[in-house]
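Trainee: Here is what each chain is made of, one letter per residue.
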Amino acid sequence: MNAVGRRERGVLVAFLGLFLWTGGPVARGQDTAADFRQNCVSCHTIGGGRLTGPDLKGVSGRAERDWLVRFIVNPQAMIDRGDPYALKLLQESRGVVMPQFSGMSAARAQALLDLIAAESELEESQFKGLQITDRPFTTADVQGGRGLFMGVQPLRNGGPACIGCHTAKDLGGLSGGRLGPDLSRVFERLEGRKNLAAWLSAPATATMAPIFKNHPIASEEIVPIVAYLEAQASGGGEDMSAGPLIFLLIGLGGAGLMLVVFDLAWRMRFRTVRKQLVLTSTGRGEE
Amino acid sequence: MNSASHYLDQFFFLALPYVAFFTFFFVTIERYRNRKFTYSSLSSQFLENQQHFWGLVPLHYGILVVLAGHIVAFLIPREVLWWNSKPLRLYILEGSALVFAILAAVGLIAAMIRRASVAKIRRVTTPLDWVLLALLLYQILTGIEVAIRYPWGSSWFATSASPYLWSLLRFSPDLSYITPLPGSVKLHIVNAYLLILLFPFTRLVHILVIPNPYLWRKPQVVRWYRPPAGA
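First to last, the sequence lines map onto chains A and B.
Quick note on numbering: the first sequence equals residues 1 to 287 in my numbering.
Quick note on numbering: the second sequence equals residues 1 to 231 in my numbering.
One chain only, chain B, in its complex shape:
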């Protein structure tokens, strides 16, 4: 291994994750304490509600499922390998993950087209929004590329990425698991750290203030109490 790539690996897979996570926690809390009302996705639904659906719904369902899959493989890698020990189950898992990743890509591209093409939405889109959207698009597209070029990611995430991430969490970093991985996999990981780093500065903070009770509470109708006309 030459020393340049060795130092690059140390930088991107050791320094960057710690800086990203520390910034994430520190700035997220600081922003919540000092500017609570900026915790929002800054919805643009009222400005345009036709194209909005094709960005919002596929993106969120897609990204939530794919992200949940990554977290599960990180938390319980041995159980994921057990699930994958039957090839049919492995194919079902990988096929489903690919379906939701493509949905996320479709949704994100639709959202970007809407932001670029609708004048009112363009006005409320900042440069940092575009940076965030570009990083998210890169993340989803490299994820799909990795899934297709280097199957079966659910298995080798459990054996290579998961032990590396746990080693970071235990403050005993072991980069040997991931330094030999292909370039597009490494770029996918580095881009994930960049997203975590940017998280507290962007509208991504809305993830932390999801109104979860909306999922189970009954629909509410707001009705004005006023006498009927002419009474």
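Same shape as in the complex, but just chain A:
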């Protein structure tokens, strides 16, 4: 404490200077197709039909390029400005505002539009999207999805199980995580299988995107997860279990118990231990 010498103070001042000097943005180059896959496919297809956002096949024919660039860079600003076409898009997507992506620039938007134009020319774009089955899900689908959600069945590409950050109403125990939203009704929120499957194919939230970009959920895993979340949504309601309260009580009870253990383990602490040690070391006391 009183050991802060002159040299140490000098070093601290020098580094506080460095501290204030650094902090510029770090530019990170991105492959445009990867950019589209990572940030767009959870709401858009190219030739696969509408999801939360419109099908982007031939989008360049529906609006001016300059308008599209400005919209991609900051969708909320266009809506706030009362732009009629932006408001029409908002209405068609039932009020879901397209997010503003971190680091989005006019150049990046141009590159994305070039990619969309090229993909629109193809008979079948790589971004046509996952075509999920219409058949009723079986109990095995739902159970398989529950296993994936809880992590009992690991995701094939190494992605983390949902339970780490999300809960659902039938998990039991101390229930699921709460860093992300409760997924009991996500099937309703995303309005069905198609949107939910597309979302799972490239989770687009800022928290999930960096984690799943290198560990995508395999398409054959998406079907059971959708089945599980569809089953969760039936009957309504969210996770109202006492899991978090029980967790807190376990913490408090366990800590109390440990304090008792400490007290017992050091029960001799206020008496002299020296006498016993001397007797033992001279062979006159108990071993």
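Do not rely on the hints blindly, as some may be mistaken.
[What the hints assert, rightly or not] Dumping the calculated SDA-like pairs for lysine to any residue here, alpha-carbon to alpha-carbon at most 25 Å:
(1) Lys86/B with Arg156/A
(2) Lys169/A with Glu145/B
(3) Lys86/B with Pro154/A
(4) Lys275/A with Phe53/B
(5) Lys86/B with Arg267/A
(6) Lys86/B with Gly158/A
(7) Lys275/A with Lys218/B
(8) Lys186/B with Gln100/A
(9) Lys86/B with Glu221/A
(10) Lys213/A with Arg170/B
(11) Lys169/A with Trp82/B
(12) Lys86/B with Ala231/A
(13) Lys128/A with Lys169/A
(14) Lys86/B with Gly147/A
(15) Lys218/B with Arg156/A
Bear in mind the hints are in silico, worked out from the structure with no lab data behind them.
Guided by the hints, dock chain B onto chain A, whose structure is given.
Mentor: Quick look at chain B alone, frame taken from chain A:
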């Protein structure tokens, strides 16, 4: 994302950690080379030994276990996720971590009360001690808050915090993993960097000179060699 929060993130999660770690290594070594005898926790056990136990023991057992948990999740995140793949194991891990975090909080609060209430101890407590204690208390309380409000931290530390910390270590910082995390999690991380920054200037340096052999050597009794009285 607005530019103010972008620059704040760059400052707190890119500049601050490098400055903190560089200062930590540089000043720690410099202090050891030039003022070896200041490497101490400056024990106050002789000044007061009744309340001391309830600060010392729960704080150290609590903090050692919780800190070890963070280091393990940083070093072997995939193995932690594997452990957590059975919900019962996840609950045991998280429950145990919470128990030790609460122990650390109890110990630290007891230590702070002792420092404030015992006149002799107050005399040997510097302003920097109080800053350190306040930062430690904030760190432990935000840690408990995060554990309760945003379970299950052992899993999402492995998927979000660990890759971010490794990216710093590889000098290829990737802040995308942690910038979207809730405010109390980010404050917990920033406060950890402040503690690392302050480390070499405070009595925390005692961590580096723990007399480890005390753990396994036999108790020693110091006996005076002198003739019995009256001989």
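Trainee: Are the hints correct? Go through all of them and say.
Mentor: Cross-check of the supplied hints:
1. Lys86/B with Arg156/A: holds (16 Å)
2. Lys169/A with Glu145/B: Holds: Lys169/A and Glu145/B sit about 23 Å apart, inside 25 Å.
3. Lys86/B with Pro154/A: Holds - the C-alpha atoms of Pro154/A and Lys86/B are around 10 Å apart, at most 25 Å.
4. Lys275/A with Phe53/B: Distance ~21 Å between Lys275/A and Phe53/B Cα, so the pair holds.
5. Lys86/B with Arg267/A: violated (38 Å)
6. Lys86/B with Gly158/A: Judged against 25 Å, a Cα distance of about 16 Å means the pair holds.
7. Lys275/A with Lys218/B: Between Lys275/A and Lys218/B the Cα gap is close to 16 Å, so the pair holds against 25 Å.
8. Lys186/B with Gln100/A: holds (22 Å)
9. Lys86/B with Glu221/A: holds (19 Å)
10. Lys213/A with Arg170/B: With Cα atoms ~20 Å apart, Lys213/A and Arg170/B stay inside 25 Å; holds.
11. Lys169/A with Trp82/B: holds (24 Å)
12. Lys86/B with Ala231/A: holds (22 Å)
13. Lys128/A with Lys169/A: violated (33 Å)
14. Lys86/B with Gly147/A: With a Cα-Cα distance of about 10 Å, the restraint between Lys86/B and Gly147/A holds, given a limit of 25 Å.
15. Lys218/B with Arg156/A: Not satisfied, since the Cα-Cα distance of roughly 52 Å exceeds 25 Å.
The structure fails hints 5, 13 and 15 (numbered hints given earlier, in ascending order).
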